[in-house]
Amino acid sequence: MPLFSPHGPYYKPRPMDSLLYPAASWLNHSSCLAQPVMHFISTVLLFTSVTWQHVVGQAASPLASSVDAFLESEAPVAFNLLLCNIGAQGCHVKGAASGVVVASPSTHDPDYFYTWTRDSGLVFKSLVDRFTHSYDASLQRHIQEYIVSQAAQQAVSNPSGSLADGAGLGEPKFEANLTAFTGEWGK
Numbered sequence: 001m002p003l004f005s006p007h008g009p010y011y012k013p014r015p016m017d018s019l020l021y022p023a024a025s026w027l028n029h030s031s032c033l034a035q036p037v038m039h040f041i042s043t044v045l046l047f048t049s050v051t052w053q054h055v056v057g058q059a060a061s062p063l064a065s066s067v068d069a070f071l072e073s074e075a076p077v078a079f080n081l082l083l084c085n086i087g088a089q090g091c092h093v094k095g096a097a098s099g100v101v102v103a104s105p106s107t108h109d110p111d112y113f114y115t116w117t118r119d120s121g122l123v124f125k126s127l128v129d130r131f132t133h134s135y136d137a138s139l140q141r142h143i144q145e146y147i148v149s150q151a152a153q154q155a156v157s158n159p160s161g162s163l164a165d166g167a168g169l170g171e172p173k174f175e176a177n178l179t180a181f182t183g184e185w186g187k
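Residue 137 in this note's numbering is what sits at position 137 of the sequence shown, and the numbering runs on without skipping anything.
Please note: incorrect hints may appear among the correct ones.
Unchecked claim - EDC-like cross-link-like pairs, simulated, lysine to aspartate or glutamate; straight-line CA separation at most 16 Å:
hint	residue 1	residue 2
1	LYS173	ASP129
2	LYS94	GLU184
3	LYS94	ASP111
4	LYS173	GLU184
5	LYS125	GLU145
6	LYS173	ASP119
Just so you know, the hints here were simulated from the structure itself, not pulled from any lab data.
Whole structure, please, built from the sequences with the hints as guidance.
Right, here's the structure in full:
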């Protein structure tokens with residue numbers, strides 16, 4: 001049976017086949033070098049592929065495990081430092097109102113001791129997600145304090161407006177003690 005048959009295993013060659021399918025004529029000759037050449041090429045490709053996977057796989061494996069190990073060890077540190085920037089009990093934000101997320105404890109060069117409405121919401125979204133997966137009384141207290149602080153913050157008249165006209169709800173930044181930010185910088 002020929003190596004290449006354009007019409008299936010029951011095809012009977014016709015005189016014009018070599019003109020219509022020139023590749024078929026040289027592949028059908030058993031004395032041709034096509035079989036050894038194709039075997040050699042496929043062997044080289046397979047060997048190269050297996051070697052590449054082995055080399056890259058070994059190089060990537062320690063990197064992946066070291067990243068995983070770093071993330072596992074860093075998660076509790078980051079979580080504790082996040083809590084240090086929340087509320088009156090936060091270890092880095094003395095003077096902040098209860099339930100307020102402070103962007104940074106820095107008060108000069110640059111002064112960033114403020115609360116940003118959207119950023120605070122994102123922080124508490126992650127804390128609520130964590131709380132729903134595993135009950136934690138401390139997190140519950142933080143979440144309740146945040147809800148109370150946001151209700152108070154929404155009632156603060158600010159440069160954007162007030163709660164009465166609804167325009168004050170768009171204010172992005174407040175002082176950490178929940179008073180209006182009236183400075184020139186940072187909006």
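Results for each hint:
no., hint, verdict
1, LYS173 <-> ASP129, "violated, 24 Å"
2, LYS94 <-> GLU184, "violated, 24 Å"
3, LYS94 <-> ASP111, "holds, 15 Å"
4, LYS173 <-> GLU184, "holds, 12 Å"
5, LYS125 <-> GLU145, "holds, 14 Å"
6, LYS173 <-> ASP119, "holds, 10 Å"
Hints 1, 2 from the list above are not met by this structure, while the remaining hints are.
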